[in-house]
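Model the full assembly from the supplied sequences, consistent with the hints where possible.
Chains as they are written, first to last, in this note's numbering: chain V, 1 to 317; chain C, 1 to 243.
Which stretches of chain C does chain V cover? Using the computed rule of at least three CB atoms under 8 Å from a CB of chain V, they are:
(1) 70-81
(2) 84-94
(3) 100-112
Facing chain C, from chain V, some residues (calculated, C-beta under 7 Å):
(4) Ser186
(5) Asp189
(6) Asp190
(7) Ala193
(8) Glu195
(9) Cys196
(10) Met197
(11) Gly198
(12) Val199
(13) Pro200
Restraint ranges, calculated between C-beta atoms of paired labels, are given here:
(14) V:Leu98 with C:Ser76: 15 to 21 Å
(15) C:Glu119 with V:Val19: 50 to 56 Å
(16) V:Tyr132 with C:Ser76: 40 to 46 Å
(17) C:Glu122 with V:Tyr111: 41 to 47 Å
(18) C:Phe222 with V:Arg313: 51 to 57 Å
(19) V:Ala16 with C:Glu122: 43 to 49 Å
(20) V:Leu304 with C:Ser76: 39 to 45 Å
(21) V:Met13 with C:Gly13: 53 to 59 Å
(22) V:Gly287 with C:Ser76: 41 to 47 Å
(23) C:Gly13 with V:Trp7: 52 to 58 Å
(24) V:Gly9 with C:Ser76: 36 to 42 Å
(25) C:Gly13 with V:Tyr111: 21 to 27 Å
(26) C:Thr24 with V:Glu314: 52 to 58 Å
These are calculated hints, taken from the structure and not from any lab test.
Beta carbons are placed, not taken as given, at the ideal position from N, Cα and C, and that holds for glycine.
Listed below, chain by chain, are the residues.
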Amino acid sequence: MKVSGFWIGIVLMLAAGFVLAGVADNQFLFFAGYVILQGLIMAVAWNVLGGFTGYVNFGSAGFFAIGAYTAIALHQFAELPLLVLIVIAGIVCGLIGLGTGYLTLRLRGVYFAIATLAMAIVFESLITNWDYVGGSAGAYVITPAEVPFFDSFIEMMFILMLVLSLICVAVSRYLSMSRMGRGLASIRDDETAAECMGVPTLRLKLISTTVMGVMMGVAGAPFPFFVTYINPLSAFDLLIAVNAIAMPMIGGTAVWFGPVIGALLLGTIQQIVTVTISSELNILIVGAVLIAFVALAPRGIVGLFQDFARKRREGGK
Amino acid sequence: MANSLSISNVEAGYGSVRVLHDVTINVGGGEIVVLLGSNGNGKSTLIKCITGLVEPDSGEIVFESDGEKINLIGRSPEDIVDLGIAMVPEGRRLFPALTVEENLTLGAYRPAARAKLDENLEFVYGAFPRLLERRDQLAGSMSGGEQQMVAIARSMMSDPKILLVDEPSVGLAPILVSQTIAKIKELQEQRNLTVLMAEQNFNQAIKIADRGYIIVHGQIEFEGADAAALENNDMIKQYYLGA
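Here's what the structure looks like:
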């Protein structure tokens, strides 16, 4: 029952996206939707390593930028279709995720977090000094004025992002509900004990960094085409990086739908604030909401509901 | 059904700190062997050497199962679990945010154990009916005695031939220590296990021990051929009985 419910939900979301694309004329809706969905993929990606496996890190958003720059580099090299760029960026980021996993996963806790942050900075310097992709001056992408099947380019980008995010959510759900998910949870709870029980901890951690890398890369690859101009500063933007951590934290990191809830909620609030108040207030809002949740609901919205449900169950007895 | 473990001349440590010096221990098929020693003498390190969590610098650790001899040194912990060696870690080390049943299922993570998951789950629920009642409770919210039950039951889920128990008495009230020790004996008989138990609570451990060793500063100082020999040893009197 539950399984079919999930897939019906996926199909409904997809249908809603297409209906919106057909009905709505306001291009801002697609623009805002794209940003929210980009945040959603990054939140889901961060959560695979930071939530399921318990390896909290600050460098995940670096993979987003690597994905974006992989797309730029390939675009400079040959004008490949966007879908091909996304696939290649996903593979490249997955491989880099695997490699950094090998290098950093022997570190635990705060040391791992610092190592991943350092890694993101290293990649930023590399890209800043790489002239082929524009270096610190950045690179422009000219987007087509007309696209097949869709009314506008941004509409197509929105639908693309919707499809990608639904795939990522499905993968993350599968990961968390399978036997592998239980293995990841055992690493999060007590890695040494997991090892004692014969859980192949290194392999599971490498799978988790690789999946995180692929998803981040996939989220990043279309980014240059969405903004049409990219430089290291915008690809390694603090707000994007903070969002990827804040969204799962607010939603709840232990279950697959936590980051989805967090991303939809925080992303929507940010878009509304940008339009109604100012875009500069964005990062302040993220900070304030994050502090509130860390202090009042450390297990996120999902945790709040679980506590509420348990109290009611126990009260009913 | 001879599943024995022979540890010969093992030297091990952490970095430049030597913990085990030339340790030789044999655990025969179907025996309960106790490794006695107070804190910091190397009991846990020896257990970690057997399970692959610590790699010895030299020496041999050989697991013999039905006539086949397998060298354990250099194997990964998951390989060693696959061979049929399970461990109840010191301080229980449950997965506190997971339920009892999830903890137990994680004990059967390896492919061979997974195939017998339902059978073994039924067995451990039979042995620990309290766990069946509390299968959906978070392991971290249980009492110390119940957590110890989960830890032992979890190790049984891998369908072991050899059970390594590291300090089952830690953090438990005396009455619970007796019950835990008696339970280990009961499981050993039911499943024809070979047991190596590290313990500092001499009086409790001796109740079920067939043989034992005393480890002091990483060296085996005494080998007792039976429980009485251990009980009458001067070192035991000196260390444990205050004589």
